[in-house]
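Just so we're aligned, residue 3 is where the sequence shown starts under this note's numbering, counting upward by one.
Hint data in this document are derived by calculation from the structure and do not stem from the laboratory. Treat each hint with caution, since some may be false.
To be verified - Distance condition first, Cα-Cα at most 30 angstroms in a straight line; then the derived DSSO-like pairs of lysine-lysine:
no. : residue 1 : residue 2
1   : Lys261    : Lys36
2   : Lys355    : Lys51
3   : Lys355    : Lys340
4   : Lys45     : Lys95
5   : Lys144    : Lys95
6   : Lys340    : Lys17
7   : Lys95     : Lys26
8   : Lys125    : Lys269
9   : Lys355    : Lys17
10  : Lys352    : Lys309
11  : Lys197    : Lys269
12  : Lys197    : Lys125
13  : Lys269    : Lys355
14  : Lys87     : Lys41
15  : Lys125    : Lys26
No experiment lies behind these values; they were computed from the predicted model shown.
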Amino acid sequence: MKSVNVSVVLDQRSKLNDGRHPVKLKVYYNGSQKRYSLKSLTKYSHLSKKDFNDAMNLQRSKLLEVRTELNLIESKAYRIAHELKPFSFHQFKERMFKLQVEEDHSLNGAFQQYADAKYQDNKIRTYESYISAKNSFNEYLKSQNIDNTSFQLYDINSDFLKNYERWAIGMGKSLSTVGVYTRNLRTLINRLIDKGVLEKKNSPFKKGGFTIPATRKTNICLELEEVQVLHNFNTINTLYRLAVDFWFISFLTNGANMKDLLNLRIKDLLFDYQEIQFIREKTKDTTRADLEVIRAPLTNELIELIKSNGRIEGDRMDYVFDVLNGNMNEEEKTRTIKNYTNKVSNQLKKLAKEAGIKTNVSFQTARHTFSNMVLNEGGTTEFIQFALGHKSQRTTQRYLKGFSSNKKLEMTKKLLKGINN
């Protein structure tokens with residue numbers, strides 16, 4: 003039987019602003035290696051290089067508590083790894099991280115546990131969203147002189163949430179943000195209901211209870227003339243060129259967002275079928291039972307845009323655009339995508355202003371512009387739904403602002419012509 007090696011290591015590939023590095027559990031088996039975050043297992047999930055080395059040095063007792071806790075984690079990992087016959091990384095992760103101590107039902111603890119689980123699953127943005135919600139609710143509890151460690155999820159009623167909403171708005175939070183935070187809370191409440199801890203009739207979100215605020219976004223898209231201005235804009239500014247190229251790459255790939263584009267690999271470019279195919283990052287885990295593949299024509303213009311900013315040849319698992327790399331963990335990828343998107347988006351807005359485009363141009367407008375131009379060219383809602391990868395036509399309808407004024411006028415003239423004949 004091949005041996006399994008486990009060890010607690012300091013991952014110096016990434017670093018927090020305060021200089022600390024993540025402490026990881028490294029597991030090596032049969033030529034493969036995986037590193038797991040210890041965020042859900044210990045408060046010492048990030049340490050400086052000096053503190054980590056001191057803790058692991060048997061001659062130093064200053065950080066005895068740290069060493070003891072990390073040794074316990076390592077011992078547990080060793081035991082689980084050697085109990086698995088045959089060993090598999092999947093089963094190891096399930097036993098090491100999923101079978102945790104009794105679930106915490108306090109508002110603070112439940113948010114933290116759920117967030118940590120998402121962190122383990124590399125859902126960094128979801129993790130950040132739940133931590134932000136937790137912090138907001140904790141601030142509210144503090145303002146009401148309520149102990150956040152003893153306040154339970156099943157203590158929450160609709161009045162509590164109405165008061166929280168008023169407080170949050172007063173503190174400068176938007177209705178949209180309050181909606182995100184209370185939706186996150188509803189997820190935790192529903193988990194209690196599913197496990198039989200809380201009766202559905204006692205949920206603060208039951209019919210007649212608290213209504214989560216929902217604001218409908220104004221979907222902005224460019225008119226054809228504005229797209230032409232963007233397309234024909236001449237510039238020697240390389241950042242401007244990069245921004246407008248990525249906007250059109252997004253437009254020509256059915257409105258793919260920057261995360262989708264930066265995650266594209268050579269294998270997604272299917273030249274034999276003259277198509278580019280990918281699964282939206284946003285839906286990879288939420289609709290695993292019926293994943294919708296986005297397909298867009300691999301036109302000559304799209305190929306040239308990709309070649310100007312990335313590559314079309316190489317190993318099938320190479321990234322098309324040289325922004326991410328295989329050595330990055332999910333946290334680093336998330337941060338890199340966010341920073342790169344912000345950089346390109348800022349240049350796009352500056353370019354649009356110089357070009358005289360009054361519409362607020364963003365990569366989201368590429369998606370809305372694509373769908374509305376298809377509609378105005380006679381495309382059906384069903385086609386647009388398929389192209390965008392939506393599960394329902396209702397979602398697609400929210401993307402469509404309707405026909406342009408010229409199209410409406412043209413249609414009215416056709417109707418009048420039919421009536422007058």
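- Task: Go through the numbered hints given earlier and state which of them the structure violates, listing their numbers in rising order.
- Result: 2, 5, 9, 11 and 13
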